[in-house]
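Asks: So the chains spell out like this:
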Amino acid sequence: MSDSGAAPARKLPPVVESAVASMALVIAGGIFLAAYLPRQAPLPIPIGLISLAAVLLAATVVMLTRLGEFAWNRFRQVSGWALAAYLVIAGMLEYVLLVDRTRGALLLLMTVTLTIFALDIPIVLGFSVARHQEVGSSPTA
Amino acid sequence: MADAIQDFPLPANAAAGRVTPARVTIIPLAGLPVVGAVLVFLVVAIAGNWLWALDFLHVAGGGLWTGIDLFVGLVIGPIIGRMSVPARVEFSTRFMPKMVLIMPTLVIVTLASGLQLARALGDLAVPYPNHWWLVASFVVVGVMAVIALGLLEPANLAVLFELKKPKPNGLLIAKLMRRFIYTAGITGVMQIATLIIMSRLATW
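Going down the list, the protein sequences come from chains C and G. Numbering follows the numbering used here, with no gaps: position 119 of the first sequence is 119. Residues are numbered in the numbering used here as their position in the second sequence, beginning at 1, plus a constant of 141.
Next comes chain G alone, as it looks inside the complex:
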């Protein structure tokens, strides 16, 4: 991916041509009702201990989380890196606000339903050495959480706010985008470990 990560200084007013600051949205409000509905469904599934719903939420949420991370980190990221700066800005202003809503929702749905499902199916009570697979999944998720919440998401938000300025700082955007692409790549690779662990858990 190294060839995809280069510093492209933003030419003066590069962002102003097609993406004006007024058009940059941080949180797409239209998506909030969907997020609310998903969270309500999660609460109801946990309260009612609906095994099918917990299974659905964990598999669908986890599959999307893993798939999006892999796709963004290993496919979209390098493509963004090779785009022209105005195209990169244009893409980011439309793509990143959606990620601000989608990813935290998928993470909370997958983790909460997964813990409840593991408890209901008795997976948490599996003795060692098989229990190490569970611990490994906790560690992978923990490391990904620190990277995503401590590096990736702040870079994502900082880019969006920079783009809202009348004259965005191109060097800063390039630096933050480079961080976003690297961290998305790292979490994408870590998701492969998650896939292996979850396949092992589902078949023991």
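Same shape as in the complex, but just chain C:
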């Protein structure tokens, strides 16, 4: 067993849990909206779910900003590429919505949903990798 390559054990805030909960809420909101297709769903419930998801995402970002010492290079490397990938995926889904002539409040809500979704995942992936890396580890290592 070799532990010398591991980052020292350290209590970290629940960044992943918070981001995954945010992701689950936007997915739940999306399912609620989709369940009413092709009619428009009543918006208060999805607005509530997505607002809660936005609050959790904001809390996640605050937790990240208060981390201090962390393998930020690795976090930026992983989350940066993941963000690029998930922006493409979210863009594809937004494109489908536009092709299907989704407009108005529903389009706005779906856009916010996709934005939160595309931000949550890079944070989960970046943090999950960086938490096990040495502080200051090079992205090329």
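Hints listed in this document are in silico derivations from the structure and should not be mistaken for laboratory results. Possibly wrong hints are sitting among the right ones.
Claimed, not checked - To give a feel for the contact side, a few chain C residues facing chain G, derived at Cβ under 10 Å: (1) M23; (2) W72; (3) W81; (4) Y86; (5) T115; (6) F117.
A virtual CB, placed ideally from N, CA and C, is assigned to each residue, including glycine.
Given chain C's structure and the hints, the job is docking chain G onto it.
Replies: Quick look at chain G alone, frame taken from chain C:
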């Protein structure tokens, strides 16, 4: 599957024998043009509302997604669990980078083409109680997405980055691999529900 999930501490330098950190690839760059071509095909199919192409992308993408999930979760996962640690590391360094490209591509292709196909065929307008089958498919996909994106994929990536270290932490790799195998098994079982729902939708 419980017998397959055991902690196997990585012996010192177990990974160094055949898999050096320099050989561990996170994203296989050679696969990116293929992914790009598939996504372009998807965009063109949606823009042109090509029913045959949407059907092809949804059936082929969904079949591969379901098949790979079932195969990895219920066949490959237990086999990996019974492998020696060096063999497991060797297999993971070659297998997991490909999954990083293949699975997200299959998921986006299946979902985007499926939604468009359902709209074009009028499946979205089917009244309740049959509409519950659609809702059930959304819920199953939603739960699988949370498990895959929140647990499985982070474990996959963390293992790959750990393997790139000069001296990988064997306990950490065992823990993350156990999570990968369990979550792959859960999504594999959930894919059986998807197969039942999709068979029902295709024949109503």
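Asks: Would you mind marking each hint as holding or not holding in the structure?
Replies: Checked hints:
no., hint, in the structure
1, M23, "holds, 6 Å"
2, W72, "violated, 15 Å"
3, W81, "holds, 8 Å"
4, Y86, "holds, 8 Å"
5, T115, "violated, 16 Å"
6, F117, "holds, 9 Å"
Hint compliance for this structure: hints 2, 5 are broken, all remaining hints hold.
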